[in-house]
Structures are given as C-alpha cells and as structure tokens.
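Once you have looked at the hints, place chain B on chain A.
Respectively, the protein sequence lines represent chains A and B. Going by the numbering used here, the first residue of the first sequence is number 1, and it counts up by one from there. Going by the numbering used here, the first residue of the second sequence is number 1001, and it counts up by one from there.
Bear in mind the hints are in silico, worked out from the structure with no lab data behind them. Any given hint could be a false lead.
[As the list claims (entries may be wrong)] Label pairs and their computed distance ranges (CB to CB):
(1) B/I1123 - A/L70: 22 to 30 Å
(2) A/A108 - B/L1110: 20 to 28 Å
(3) B/I1123 - A/N2: 23 to 31 Å
(4) A/N2 - B/K1029: 15 to 23 Å
(5) A/L70 - B/F1116: 19 to 27 Å
(6) B/I1123 - A/I41: 26 to 34 Å
(7) B/I1043 - A/K33: 21 to 29 Å
Nothing here was measured: the structure is a model prediction, and the numbers come from that model. For glycine and all other residues, C-beta sits at the position ideal for the given N, C-alpha and C.
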Amino acid sequence: MNSDTMIILLILIAAVMASVGALLLKKGSAKFKITASINGILNIIKNYILIIGILMYGLSSVFFIMALRLGELSVVYPLTSISYIFVTILSIYFLKEHMNKYKWLGIAFIILGVILVKM
Amino acid sequence: MVAKRKKSSETRKNYSAKKKDSKNLGKRKTSIKSIMLVIICTILTSTGQILFKYSTSNLGSIHSIITNIPLLAGFIFYGLGAIVLILALREGELSILYPFIALSFVWVALLSIQLFGEHVSLINWLGIVGIIFGVSLIGYGSGK
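Chain A with its partners taken away, still in its complex shape (with noise of 0.2 Å):
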C-alpha cells in the first residue's frame, strides 16, 4: 500500500469514528451532569452509550495524527472535513434533524474554507 492509499484510508477511518463518536456523544449527553458524587461518577460510567462515544472520539484523533504524520497538513486537514458531511447524514438518519437551504451552504463553505486555509 502506497502512502497516498494509506492517508486516505487512515482519514476514513478518523472521519467515521468522529462521526460515529459525535453521534453517540449526543445520543448519550441527555443524562450526562457534572459531579463530584460517587453517585453520579457511576452513573456517567454506566452511561455506555456516552463512554462508547468518548472513546471513539479520542481513537479518531489518534488515527489523525497517524495521518498526520505520513502526510501534509493541506491534504490531511481538508479530507478530515468529509466529517462534517458523515455527521449531517447521521443526523438526519439517527436523530431526524431537518436540514435547510443555509445548513447545507454552510457545510459547503466550511469545507471550501477548510481547503484554503491549508493551502
């Protein structure tokens, strides 16, 4: 496998689990509370859905920094901007949030955006 095949799959990789990560975040933040209390320590570690969520989100940053490594900062950054577009899909399918006109345009200028600013 040719370094190329190996950013790009390293960066889908990292885009799912954020993706996936994110979805399960919001899935599992309803119960989530800040405390000090034995109680409720537990309470957030027998929220699987929330835990699941964190450790997907921290495993895509270490795909990312593997990708990050093999590859330039003006191609790994933009293909890691495929997220935003997993997390819209997801929302839309797990979550039956409703897109508009501007949601859409403004995922489209983020991602224009995300590539020039590393060019």
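Positioned in the frame of chain A, the structure of chain B alone reads:
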C-alpha cells in the same frame, strides 16, 4: 379490529401533536448557550492540536510517547474539549453544533501565526473567512 383502529388514531394524534410541538418549539432548537459552549470546545481542542503538532516531531518508541509532555497535555486539552462538547450537545441539534467545530481551524491558523510565525497567504485568509461565513450560515439556518 377496534383496537387496531384505536391505535391508528392514536398514532395519528401523536403525529399531529409532534408536528404542533415542533412548530411551538419556536424557530431555534439550538440555544445560543450550546453554540457558545461548542466555540469554547474549539478553543480547547485547537490548543490541543497545537500541542499535538508540537509533539509529532519526536514520536518513536513507547517510552518517548509516555514522556512526551506536549502530547499528553494535548490529550488533556482534547479531553476537556470533549466534556464541554458533551455539555453543549445536551441542548441542541448535532447538525448545527458539529459544524461549529470547524472554527478550530481558524484558531489553529491564528495561533500558528503567533506561535510558529507561519506565513498566511491571501488564499489562507479567504479560507478563514469562508469557515466563519459557513459557520454563520449554519447558525442562521438553525433559526429557519
């Protein structure tokens, strides 16, 4: 049969109630507070990213990973960012809040100019403007 009909009328009632609810919820389903929290999250994660960038130069053995303080500090900032993100996501739509994470590119660019003396071209500045405009559009779209 009667039960079936009753059930279907109930679901219809539920549906219309839901429809009414989403109308009554008002235009904004994502609070300004949640958006502010995501912006704080991006400041934390971009600090983490700067630390990651600083740390990737001397990664190698397991020992060098454990003793790599910028890398560990980067993870701590990422962790704090995640906690703030969870707090933000409690009240708001993911499709609105997640794109705001792109603001971290803006902070990283600005911090890189300050800390690493990185050159920022006109095209890069256009990118920064593009991200800010895109995020603003999404914020505007949340009220539509």
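Checked hints:
1. B/I1123 - A/L70: 22 to 30 Å: holds (24 Å)
2. A/A108 - B/L1110: 20 to 28 Å: holds (23 Å)
3. B/I1123 - A/N2: 23 to 31 Å: The hinted range 23 to 31 Å holds for B/I1123 and A/N2, with Cβ atoms some 28 Å apart.
4. A/N2 - B/K1029: 15 to 23 Å: violated (45 Å)
5. A/L70 - B/F1116: 19 to 27 Å: With Cβ atoms ~20 Å apart, the hint holds.
6. B/I1123 - A/I41: 26 to 34 Å: violated (48 Å)
7. B/I1043 - A/K33: 21 to 29 Å: The hinted range 21 to 29 Å holds for B/I1043 and A/K33, with Cβ atoms some 23 Å apart.
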